[in-house]
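Participant: This is what each chain is made of:
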Amino acid sequence: MASLSIQNVKKSYGAIEVLKGIDLDLEDGEFLVLLGPSGCGKSTLLNMIAGLDTITDGEILIDQNVVNDVHPKDRDIAMVFQSYALYPNMSVARNIGFGLEMRKVTKEDREKRVDEAARMLQIDHLSDRKPAQLSGGQRQRVAMGRALVRDPEIFLFDEPLSNLDAKLRVEMRTEIKKLHQRLGTTMVYVTHDQIEAMTLASRIAILREGEVQQFASPQEVYEKPANMYVAGFVGSPPMNFVPAAVVSEDGKLGVSIERTANGNRSSVFLALPDDRQDVGDWIGRDVILGIRPETLTHRSDAEISLNKGLQAFDCQVEVLEPTGADTLTYIELGGREVIARVNPYNTTAPGETMAFMVDMGKASLFDPKTELRI
Amino acid sequence: MADLSALPGGKSPWQSAARFGLYALLLIFAAYYILPLIVVLSTSLKDLDEIRNGTLLSLPAEINFDAWGYAWNEACIGVSCTGLKPYFWNSVAMTIPAVLISTILGALTGYSLTKFKFKGANLIFAMILFGCFIPFQVVLLPMAQSLGYLRIANTVPGLVLVHIVYGLPFTVLFFRNYYVNIPDDLIKAATIDGAGFFMIFWRIMLPLSPPIIVVTIIWQFTQIWNDFLFGASFTTGGGQPVTVALNNLVNTTTGVKRYNVDMAAALITAAPTLVVYVLAGRYFVRGLTAGSVKG
Chain A
39 MASLSIQNVK KSYGAIEVLK GIDLDLEDGE FLVLLGPSGC GKSTLLNMIA
89 GLDTITDGEI LIDQNVVNDV HPKDRDIAMV FQSYALYPNM SVARNIGFGL
139 EMRKVTKEDR EKRVDEAARM LQIDHLSDRK PAQLSGGQRQ RVAMGRALVR
189 DPEIFLFDEP LSNLDAKLRV EMRTEIKKLH QRLGTTMVYV THDQIEAMTL
239 ASRIAILREG EVQQFASPQE VYEKPANMYV AGFVGSPPMN FVPAAVVSED
289 GKLGVSIERT ANGNRSSVFL ALPDDRQDVG DWIGRDVILG IRPETLTHRS
339 DAEISLNKGL QAFDCQVEVL EPTGADTLTY IELGGREVIA RVNPYNTTAP
389 GETMAFMVDM GKASLFDPKT ELRI
Chain B
12 MADLSALPGG KSPWQSAARF GLYALLLIFA AYYILPLIVV LSTSLKDLDE
62 IRNGTLLSLP AEINFDAWGY AWNEACIGVS CTGLKPYFWN SVAMTIPAVL
112 ISTILGALTG YSLTKFKFKG ANLIFAMILF GCFIPFQVVL LPMAQSLGYL
162 RIANTVPGLV LVHIVYGLPF TVLFFRNYYV NIPDDLIKAA TIDGAGFFMI
212 FWRIMLPLSP PIIVVTIIWQ FTQIWNDFLF GASFTTGGGQ PVTVALNNLV
262 NTTTGVKRYN VDMAAALITA APTLVVYVLA GRYFVRGLTA GSVKG
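Taken in sequence, the protein lines are chains A and B. Just so we're aligned, residue 39 is where the first sequence starts under the working numbering, counting upward by one. Just so we're aligned, residue 12 is where the second sequence starts under the working numbering, counting upward by one.
Incorrect hints may have been included.
EDC-like, lysine to aspartate or glutamate: derived pairs with alpha carbons at most 20 Å apart [to be verified]: (1) A:Lys111 x B:Asp196; (2) A:Lys168 x B:Asp60; (3) A:Lys346 x A:Glu390; (4) A:Lys400 x A:Glu332; (5) A:Lys215 x A:Glu249; (6) B:Lys130 x A:Asp91; (7) B:Lys128 x A:Glu191; (8) A:Lys400 x A:Asp312; (9) A:Lys48 x A:Glu249; (10) A:Lys48 x A:Asp107; (11) A:Lys111 x A:Asp101; (12) A:Lys58 x A:Glu247; (13) A:Lys290 x A:Glu249; (14) A:Lys215 x A:Asp231; (15) A:Lys111 x B:Asp195.
Partial list, computed: chain A residues near chain B (C-beta under 8 Å) [claimed, not checked]: (16) Ala88; (17) Leu90; (18) Val108; (19) Pro110; (20) Lys111; (21) Ala116; (22) Phe119; (23) Ala123; (24) Tyr125; (25) Asn127; (26) Phe136; (27) Gly137; (28) Met140; (29) Arg141; (30) Ser173; (31) Gly175.
In short, the hints are calculated from the structure, not lab data. Small disclaimer: the values here were computed from a predicted structure and weren't measured. From the three backbone atoms N, C-alpha and C, an ideal C-beta is built for every residue, glycine too.
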């Protein structure tokens, strides 16, 4: 187990800057997920932590020791690759034990540890097989066994689940989570799948074009996204962005939004909760209102009386998409398509006007120019 | 791939006729190609009287290996009447080390060029590749000088060196193109596991290489064994490889022209490459197409 500290790390290939000064600090035993689209530099960063790629500028510290010039094999890390990278010519047992063999661990000790790791991952019955004779899920387990057996300070995962089918991916995700809970080892995990990031991470770092957009716990990333990019990347269906204007009505601060109801186009005023008085400077200016689909649903007066943040309004329904648990209801607010999660038994037919309520206490406001959270 | 001819509704009389015509044509071509070998083989098994009295295409009345023994042990090559035997062993002593060394060096170079990429690796590969297109004749004079400086002119080790140098561009090309398809993640994983340059080569790359090793060995063996120009240019007398000796054997006439001995000698000279093809030919085809189709 070890802490990991990444300090102003940069990477450039010639004139192209791939990483533009990354700062991340990780406590011992944390599970960091590097989340971002392809080409954002997350795999490069992981390779740099592993020592497989050189660091252009900045420092990486493992357990307070700068490892910039330490060879990968001496960093006490283990890595699981997207392609599994199993040695095709070696049996499962040899694959798992190769790292120990290279470190001159005695044969006896090696066999014991390989057996232990194989049993932990339930692949002990496969130890004589070659990788080509294994299924995708089994290969994935062998790749994890190879990392596990070394008992490293830090585990590195490079999109380990993206080659598996959907069902297996969910299973292995839970498996990795259990592994982390059992071992308590620091882990760094690269993925472009926001659900994997949300479910696994103790903290998520969202990268975009070589810059960290937000570094926070999954819940904070979800509820208080630092900018519109993060807000749109995390969550499915994604956060709704509604152009709005900050106004003051009857002494209350709120936003005004254009919408169509009962065949008429008009503005509706949605009051902001009292703790958002900081938005006072924005009166008369345009903002982007960010609403998660589950905070926008059919009107319930009982709930409104309990939660002051809930604001009601009417709007015309455009399209219904039943998913079973909820029906995704498409409406138009401020000229943008917006998704609401509505109980299937409270829906209204498309073209009709329906009563909605939105939890303004959970809404986000963004500056339309900088796209940053207000 | 599915058998297209087995698809329903695919058989008509016209198609059967076309099939028949195709096979007939193929048979004619096959006969055309095999005929010289049949003539050489049957002539080598006849005695001189039979050759003089019979026709070229007639089969031998009785199988007679005298000409083979004569070609191996007694035939005169220039002034020394030793048969092909010593020259044959010269060729063996030249081909085996040259094939092995050029294959090993090719594998190592191909591995470094793909998996331990350094700045300019592609440029170096392009320059090595250029070696494939240099005609033999161009290097004759500089090579002769080099062999002189190294004091290995007119020796078998000298020929070994020439063939290693000339074979390297091809072996590097083969191995480089094979290794480029092996995923880099394997090397990364092994590096983290603590294996170094040679350990990765020995434990991971080589065990994956048999198909391309077979291709390289067959290619190099055929090229080096069949070489005439370097042998004729850089050796004289006792140091000559069997191909040069065969030429001299056929050109040395003491009275009667022994066609059966010439034919037997030609077959002895060609035998090793034929054997290699028969034993490993299917790996050759398999290896050449390896990686072209996934899975």
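Participant: Evaluate each hint against the coordinates.
Facilitator: Evaluated hints:
Note on Lys111 of chain A and Asp196 of chain B: the hinted pairing holds, with a Cα-Cα distance of about 15 Å set against a maximum of 20 Å. Annotation: proposed proximity of Lys168 of chain A to Asp60 of chain B is violated, straight-line Cα distance about 64 Å (limit 20 Å). Taken as a hint, the Lys346 of chain A and Glu390 of chain A pair is broken in the structure, with Cα atoms around 27 Å apart against an allowance of 20 Å. With a C-alpha separation of about 10 Å, the suggested pair Lys400 of chain A and Glu332 of chain A falls inside the 20 Å cut-off, and the hint holds.
A distance of roughly 27 Å separates the Cα atoms of Lys215 of chain A and Glu249 of chain A; the hinted pair therefore is violated under the 20 Å criterion. Between Lys130 of chain B and Asp91 of chain A, the direct Cα distance comes to roughly 15 Å. Compliance with the 20 Å bound is thereby established for this hinted pair. Restraint check for Lys128 of chain B and Glu191 of chain A: the C-alpha separation of about 29 Å exceeds 20 Å, so the hint is violated. With a C-alpha separation of about 13 Å, the suggested pairing of Lys400 of chain A with Asp312 of chain A holds against the 20 Å cut-off.
Restraint check: the Cα-Cα separation between Lys48 of chain A and Glu249 of chain A comes to about 10 Å, which is no more than 20 Å; the hinted pair holds. Between Lys48 of chain A and Asp107 of chain A the CA atoms are separated by roughly 15 Å; this keeps the pair inside 20 Å, and the hint holds. The suggested pairing of Lys111 of chain A with Asp101 of chain A holds, with an alpha-carbon distance near 16 Å, which does not exceed 20 Å. A distance of roughly 8 Å separates the Cα atoms of Lys58 of chain A and Glu247 of chain A; the hinted pair therefore holds under the 20 Å criterion.
Proposed proximity of Lys290 of chain A and Glu249 of chain A is contradicted: the alpha carbons are some 38 Å apart, above 20 Å. With a CA separation close to 15 Å, the supplied pair Lys215 of chain A and Asp231 of chain A stays within the 20 Å bound. With a C-alpha separation of about 17 Å, the suggested pair Lys111 of chain A and Asp195 of chain B falls inside the 20 Å cut-off, and the hint holds. Checking Ala88 of chain A against chain B: minimum C-beta separation of about 6 Å stays under 8 Å; hint holds.
Because the smallest distance between the Cβ of Leu90 of chain A and any Cβ of chain B comes to about 5 Å, under 8 Å, the interface hint for this residue holds. Of the supplied interface hints, the one on Val108 of chain A is violated, with its beta-carbon coming no nearer than about 12 Å to a beta-carbon of chain B, more than 8 Å. The beta carbon of Pro110 of chain A comes within 5 Å of a beta carbon in chain B, closer than 8 Å, and the hint placing it at the interface holds. Hint on Lys111 of chain A holds. Least Cβ distance to chain B is approximately 4 Å, under the 8 Å limit.
Against a cut-off of 8 Å between C-beta atoms, the interface hint on Ala116 of chain A holds, since the closest Cβ of chain B lies about 7 Å away. Annotation: interface hint on Phe119 of chain A holds; nearest CB of chain B at approximately 5 Å, less than 8 Å. Proximity of Ala123 of chain A to chain B holds as hinted, the smallest CB-CB distance being about 4 Å (cut-off 8 Å). Against a cut-off of 8 Å between C-beta atoms, the interface hint on Tyr125 of chain A holds, since the closest Cβ of chain B lies about 6 Å away.
The interface hint given for Asn127 of chain A holds, since its Cβ lies 4 Å from the closest Cβ of chain B, which is under the 8 Å cut-off. Using the Cβ-Cβ criterion of 8 Å, the hint placing Phe136 of chain A at the interface with chain B is satisfied: the shortest such distance is roughly 5 Å. For Gly137 of chain A, the interface hint holds, the least distance from its beta-carbon to any beta-carbon of chain B being 4 Å, beneath 8 Å. Against a cut-off of 8 Å between C-beta atoms, the interface hint on Met140 of chain A holds, since the closest Cβ of chain B lies about 4 Å away.
Hint on Arg141 of chain A holds. Least Cβ distance to chain B is approximately 5 Å, under the 8 Å limit. The interface hint given for Ser173 of chain A is broken, as the beta carbon of that residue sits about 15 Å from the closest beta carbon of chain B, more than 8 Å. Checking Gly175 of chain A against chain B: minimum C-beta separation of about 18 Å lies over 8 Å; hint violated.
Hints 2, 3, 5, 7, 13, 18, 30, 31 from the earlier list are contradicted by this structure; the remaining hints agree with it.
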